[in-house]
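> We have chain Y; now place chains B and W onto it with these hints.
Residue numbers (our numbering), protein chains in the order written: chain Y, 1 to 151; chain B, 1 to 151; chain W, 1 to 151.
Rather than coming from a laboratory, the hints here were simulated on the basis of the structure. Misleading hints may appear alongside valid ones.
Only pairs whose alpha carbons sit at most 27 Å apart, straight line, appear in this in silico DSSO-like list of lysine-lysine [said to hold, decoys possible]: (1) 57(W) - 57(B); (2) 57(W) - 23(B); (3) 56(W) - 56(Y); (4) 57(B) - 56(Y); (5) 23(B) - 23(Y); (6) 56(B) - 56(Y); (7) 57(W) - 57(Y); (8) 56(W) - 57(Y); (9) 57(Y) - 57(B); (10) 57(W) - 56(B); (11) 23(Y) - 23(W); (12) 56(W) - 56(B).
Only a predicted model underlies this, so the values are computations on that prediction, with no experimental measurement involved.
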Amino acid sequence: MAELMENQVFMAFTTYAAIVVLKMVLMGPLTAYFRITRGSFANEEDVSGKSEEQKKKLLRTHPDVERVRRCHLNDLENVVPFVLVGLLYALTGPELSTALLHFRIFTGCRIFHTIAYVSVLPQPSRGLSYIVGMLVIISMAYRVLSAVLLL
Amino acid sequence: MAELMENQVFMAFTTYAAIVVLKMVLMGPLTAYFRITRGSFANEEDVSGKSEEQKKKLLRTHPDVERVRRCHLNDLENVVPFVLVGLLYALTGPELSTALLHFRIFTGCRIFHTIAYVSVLPQPSRGLSYIVGMLVIISMAYRVLSAVLLL
Amino acid sequence: MAELMENQVFMAFTTYAAIVVLKMVLMGPLTAYFRITRGSFANEEDVSGKSEEQKKKLLRTHPDVERVRRCHLNDLENVVPFVLVGLLYALTGPELSTALLHFRIFTGCRIFHTIAYVSVLPQPSRGLSYIVGMLVIISMAYRVLSAVLLL
Numbered sequence: 001m002a003e004l005m006e007n008q009v010f011m012a013f014t015t016y017a018a019i020v021v022l023k024m025v026l027m028g029p030l031t032a033y034f035r036i037t038r039g040s041f042a043n044e045e046d047v048s049g050k051s052e053e054q055k056k057k058l059l060r061t062h063p064d065v066e067r068v069r070r071c072h073l074n075d076l077e078n079v080v081p082f083v084l085v086g087l088l089y090a091l092t093g094p095e096l097s098t099a100l101l102h103f104r105i106f107t108g109c110r111i112f113h114t115i116a117y118v119s120v121l122p123q124p125s126r127g128l129s130y131i132v133g134m135l136v137i138i139s140m141a142y143r144v145l146s147a148v149l150l151l
Numbered sequence: 001m002a003e004l005m006e007n008q009v010f011m012a013f014t015t016y017a018a019i020v021v022l023k024m025v026l027m028g029p030l031t032a033y034f035r036i037t038r039g040s041f042a043n044e045e046d047v048s049g050k051s052e053e054q055k056k057k058l059l060r061t062h063p064d065v066e067r068v069r070r071c072h073l074n075d076l077e078n079v080v081p082f083v084l085v086g087l088l089y090a091l092t093g094p095e096l097s098t099a100l101l102h103f104r105i106f107t108g109c110r111i112f113h114t115i116a117y118v119s120v121l122p123q124p125s126r127g128l129s130y131i132v133g134m135l136v137i138i139s140m141a142y143r144v145l146s147a148v149l150l151l
Numbered sequence: 001m002a003e004l005m006e007n008q009v010f011m012a013f014t015t016y017a018a019i020v021v022l023k024m025v026l027m028g029p030l031t032a033y034f035r036i037t038r039g040s041f042a043n044e045e046d047v048s049g050k051s052e053e054q055k056k057k058l059l060r061t062h063p064d065v066e067r068v069r070r071c072h073l074n075d076l077e078n079v080v081p082f083v084l085v086g087l088l089y090a091l092t093g094p095e096l097s098t099a100l101l102h103f104r105i106f107t108g109c110r111i112f113h114t115i116a117y118v119s120v121l122p123q124p125s126r127g128l129s130y131i132v133g134m135l136v137i138i139s140m141a142y143r144v145l146s147a148v149l150l151l
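Next up, chain Y with everything else stripped away, as it sits in the complex (with noise of 0.2 Å):
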């Protein structure tokens, strides 16, 4: 097991892979922010303690919350299966500076594109950063399998 840790491109993959998903899980938080500050719930046990009428008011839905939600439903579908791409990608072998490149432009790009979705930069700042990522995706899943092929 402690040989697993001692390759360098799993090191790699490792680091990234534990930066992503931080990110991902810290959508969470900031959903609460801007449903707190914007006064948008979702659950009525959220709004318990408050007059009806204002009960009404904070459970409609609210544009931002909306899109912060977006952002963390299109992290979970292009994160999560850039880990486990990765996770078998890494044990295929590959060269450490192509391995590197994958897992920084995959990061990079979704970091950008989480800024780019939560401060409405004008598009195609999200749609390219949303794009590349997906295809560091694509050429890890190709490397794996045209590495390893039993169907």
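Positioned in the frame of chain Y, the structure of chains B and W alone reads:
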């Protein structure tokens, strides 16, 4: 390979990871149960063979169904990061007792989170179980990044 | 590390995991295709440069887009658990034939599930492929928990 499954920390991780993923997967049938008992479906093909009037009624959203779906999504946002970071964490070779503490607190939190969400327990029960679960993930990610950092 | 990728069960797992994750990731471009052809966008910056009236029209939800998004979410809820549990399952050293049976049934089910969902095949085609896929995950989780249990 057999080596990995003889390591006690990895065995503990495997056990708790299987339990929480299984719990998450079972949110699917729970959603189906609420859809059927509450009469709230999302797809037209799910209500075929009914009169037009009935179809309209059955294709509305229902608060109980939406609640279970939010709970399921929250699981995806937390259980998946736990398993991904937990795998890397287990590979860094932590103390068994420390690792078990992480895995047990997280698993307990997520089971309680589901109960609190679905049976509408008053806050902060749901909020606390969510936050503590997230802190476990962050603690494991911190350990991973301080043990293995190759940028 | 090279050892792991010489194990036949692990190679089979790697192959099918890469295929289903790739299929899931491609739901993103499919959603984009439906958004563009149906004229249904979620973000204001995606429709910049249009007249106010057109913007309003383009920012509405469209049933076809929502359908693909539900299909994508269902993939997240099932494909990700398959890869997570499947990885642990492969590490418990099952028979190659048994493992292949699990991986092949799941992969077939999920590909059929997407076809059934997106092209609106009559039920129970979609429901069955969902249930059988889930049973594969449960069967693997059962094997994992009975081979490795350290609570």
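> Run through the hints listed earlier and report the numbers of any the structure violates, in increasing order.
Number 2 only.
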